[in-house]
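For the protein sequence lines, the chains are A and B, in the order given. Numbering (my numbering) for the first sequence: 69 to 522. Numbering (my numbering) for the second sequence: 69 to 522.
Hints are computed from structural coordinates only; laboratory data are not their basis. Treat the hints loosely; a few may be bogus.
Copies of the same chain are indistinguishable here, so a pair counts whether it falls within one copy or spans any two.
BS3-like cross-link-like pairs, simulated, lysine-lysine; straight-line CA separation at most 30 Å [said to hold, decoys possible]:
| id | residue 1 | residue 2 |
| --- | --- | --- |
| 1 | K193 | K164 |
| 2 | K401 | K194 |
| 3 | K96 | K159 |
| 4 | K193 | K74 |
| 5 | K401 | K494 |
| 6 | K320 | K74 |
| 7 | K194 | K166 |
| 8 | K320 | K80 |
Quantities reported herein were computed from a predicted structural model and do not represent experimental measurements.
Read off the chains here:
2 protein chains.
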Amino acid sequence: MKRSRKIILSEKEMPRQWYNILADMPNKPLPPLHPATRQPIGPEDLAAVFPMELIKQEVSAERYIDIPDEVVDLYRTYRPSPVYRAEYLEKAIGTKSKIYYKYEGGNYSGSHKANTAIAQAYYNKKEGVRRITTETGAGQWGSAMSFACNHFGLELLVFMVKVSYNHKPGRKLLMNAYNARVVPSPSMMTAAGRKILEEDPESPGSLGIAISEAMEVALQDPYTKYSLGSVLNHVILHQTIIGQEALIQMEKAGDYPDVVIGCFGGGSNFSGIAFPFLRERLLNGKNIRLLTVEPASCPKLTKGKFLYDFGDTAGMTPLLPMYTLGHNFIPEKIHAGGLRYHGAGVLVSQLLKDGFIEAKAKMQRECFEAGVLFARTEGILPAPESTYAIAGALDEARKADLEGVSKTILFNLSGHGHFDISAYEKYFEGNLPDHELTDAEVEEALSKINLPVA
Amino acid sequence: MKRSRKIILSEKEMPRQWYNILADMPNKPLPPLHPATRQPIGPEDLAAVFPMELIKQEVSAERYIDIPDEVVDLYRTYRPSPVYRAEYLEKAIGTKSKIYYKYEGGNYSGSHKANTAIAQAYYNKKEGVRRITTETGAGQWGSAMSFACNHFGLELLVFMVKVSYNHKPGRKLLMNAYNARVVPSPSMMTAAGRKILEEDPESPGSLGIAISEAMEVALQDPYTKYSLGSVLNHVILHQTIIGQEALIQMEKAGDYPDVVIGCFGGGSNFSGIAFPFLRERLLNGKNIRLLTVEPASCPKLTKGKFLYDFGDTAGMTPLLPMYTLGHNFIPEKIHAGGLRYHGAGVLVSQLLKDGFIEAKAKMQRECFEAGVLFARTEGILPAPESTYAIAGALDEARKADLEGVSKTILFNLSGHGHFDISAYEKYFEGNLPDHELTDAEVEEALSKINLPVA
């Protein structure tokens, strides 16, 4: 009998707590500032937008936070998720390194987004909220919220970035099947959307714009709250279930990663797998590298600046200390819609600044090439976003081979690409737009904002 | 701690043998006949089309056949598959019955078809075949073969039923991503296709036509063989891994089904889950019902006749003793493309004739309604084909409730509907074609063929 191909855990082995890295960070992040007063905000400033339990999690310094039974209950429909040894991929590239991946696409939403969608819908329902508004890029987050809201009896209104709405009609239909309403953004429904459309009727939209629209609607009704799929501390917190499981699974495999890799949009799938491993480094001195991979066309971590910036385009969110390309930056229309975000979450930004995390940027074509190789060897068609993590893992394996060493690589396969198949068609046709943002373009983007340096 | 939501098995618990029901059937099926001589065929008559090991399996009377290590190895990428207790669905309909489902959509192909695709590709490769031709309806089978052939280093040419090719571009693209060539059928590549197109240039195609085209190409080259995704004994055999696992899982759940349900196209997913349970009835006297659910627009089991008929439209296959609507019957363009087949496999046909199996037919709209309810409660968007099994399970639960009893129901959720999302759009628009075939239409269809009564 050969070694198991996949490392699975029983429901009983599923961790019952999320891990909050804030407790263990040597330098705590700077506080968020009020958009008008530019003074540090308190929990009450967020109460119009989020339920109190999520606000508490946003600022909590507790190391572990219990996962409520109702959330565990829905997690049990798809968790624990498997870790695979990518033996066919290893063979295809002839590497001496070992490549593992944690697969988060095997749930109703097709990505890791379900982990926080379920938690957010639960806390909103518990506090009497009736309707949620949110944004979505490629649609993974919107799909995740659709089913979760429907499960807990909440209405959902999704502002979907227009370029993705047009590229990926399947994702919109999936949200409809899960009982959500989906509107392409920018839309005429909001002042923020109308302003953008006045300036540019052909605007492809961006996550920043969609966030502005969703927040604007939420602020108009006390029974409506807003929900965000990445960036914020409480979102990152919920995703740590991924890494908590992966730690147990790597131990079961009798192995330990030299490097943990995730693609990077706002930070949630990367942080989810990486932070529990970073805890082992911070608290127990484990030697491990953490690597993010972002698009060269939206390189906030590799070329952005560490500033106080808004999370949305219209400037409605608090100012957050983050690596950013500027809140009104509109990224190239790459197919990895979930990575088309101007900024990075506060926790990741601080950790990058302090040297605990590495970042690299890659071109879309090379990532799709890695995605097709992965599909043909491992049998899972990856989401365009996830192909960046695959490409990052291949880089690490090849580098190790050149150096004559064998490494153990773990990456997060954040989702499947079943609703992104038209992007693969473009790849096969040799018809993928791509662009490596130049330093001059970054300067220009950042010159449009005038905000305090963090 | 609540009862586990899903019943999973470790790789070590995966059965290492397929189950061959032929060994235990009270009445053995009549022999297949040569299309020209109408005499019983021998293994040598199939050698131009199939590798010898599959021909041996086709006629074997051994009760168990070992699964080769190379096949087990790929099975381990996604097997054992989970059995879920459908607790949210039960709650939504307020039933006292217990509903379980075995989910076969969690693999690279998105359906149970991978189970036989891997086996068939393996045996072909082992016997020196270089290229495979096959047909596909909705594309689940073609996707399954694409990855399997690529894995074993075989070329694949897929004739895809034209209506599905046009309805489901995503499936075609997935096959391309897995390195297969896909041609809409009827095509100009074959004499069979050209003949159909001459008579009806707008022909939507059918599985029967696509089979004729694929066989025609295979017969022209000794290094090319043909592969079928359902109907035949060896295909059914490979699918019994489903029921073999489900037996262990139901035992783990401390439960036993009163009825096992599968949707019905050619018979492979139904037989796969049902036959190991039927063995328990035949050998150990277990009391259990086995129910197939087919489309009212393609009702071979409920309205067809038990005849010797061809498996394909052009009459190239052996004559098989089967329930059929006639090999040139073109079914309504329902979205469950995998159920648009004129006949039923020999094993199921004989067992239905002998009263071991029940059959019912349902309309497309009601099945989609069941599918949407399932998606919103259980969180898996089902393939249109699988919605027939769901609708059948709901019928059983409701009937039990009306009778004031509680039943244990197990159905096979054969695949996901990620590439069928446009069919759901049609459902929501109230725009699904549907048709219940009348007795007169069945008579007319059967009058077009003149074949020996089995």
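Against the structure, the hints:
Taking identical chains as interchangeable, the C-alpha atoms of K193 and K164 lie at most 30 Å apart only when they sit on different chains, with a minimum of 27 Å there against 50 Å within one chain. Taking identical chains as interchangeable, the C-alpha atoms of K401 and K194 are never at most 30 Å apart, the minima being 38 Å within one chain and 46 Å between chains. Taking the shortest alpha-carbon separations for K96 and K159, neither the intra-copy value of 43 Å nor the inter-copy value of 46 Å comes in at or below 30 Å. In the homo-oligomer, the alpha carbons of K193 and K74 lie at most 30 Å apart only across protomers (26 Å), although the nearest pairing inside one protomer, at 36 Å, exceeds that limit.
Both within a single protomer and between protomers do K401 and K494 lie at most 30 Å apart by alpha-carbon distance, with minima of 13 Å and 29 Å respectively. For a Cα distance limit of 30 Å, the shortest separation of K320 from K74 qualifies both inside one copy, at 11 Å, and across copies, at 21 Å. Taking identical chains as interchangeable, the C-alpha atoms of K194 and K166 lie at most 30 Å apart only when they sit on different chains, with a minimum of 29 Å there against 44 Å within one chain. Taking CA atoms no more than 30 Å apart as the test, K320 paired with K80 passes in both settings, with 15 Å inside one copy and 15 Å between copies.
Of the hints listed earlier, those the structure fails to meet are numbers 2 and 3, in rising order.
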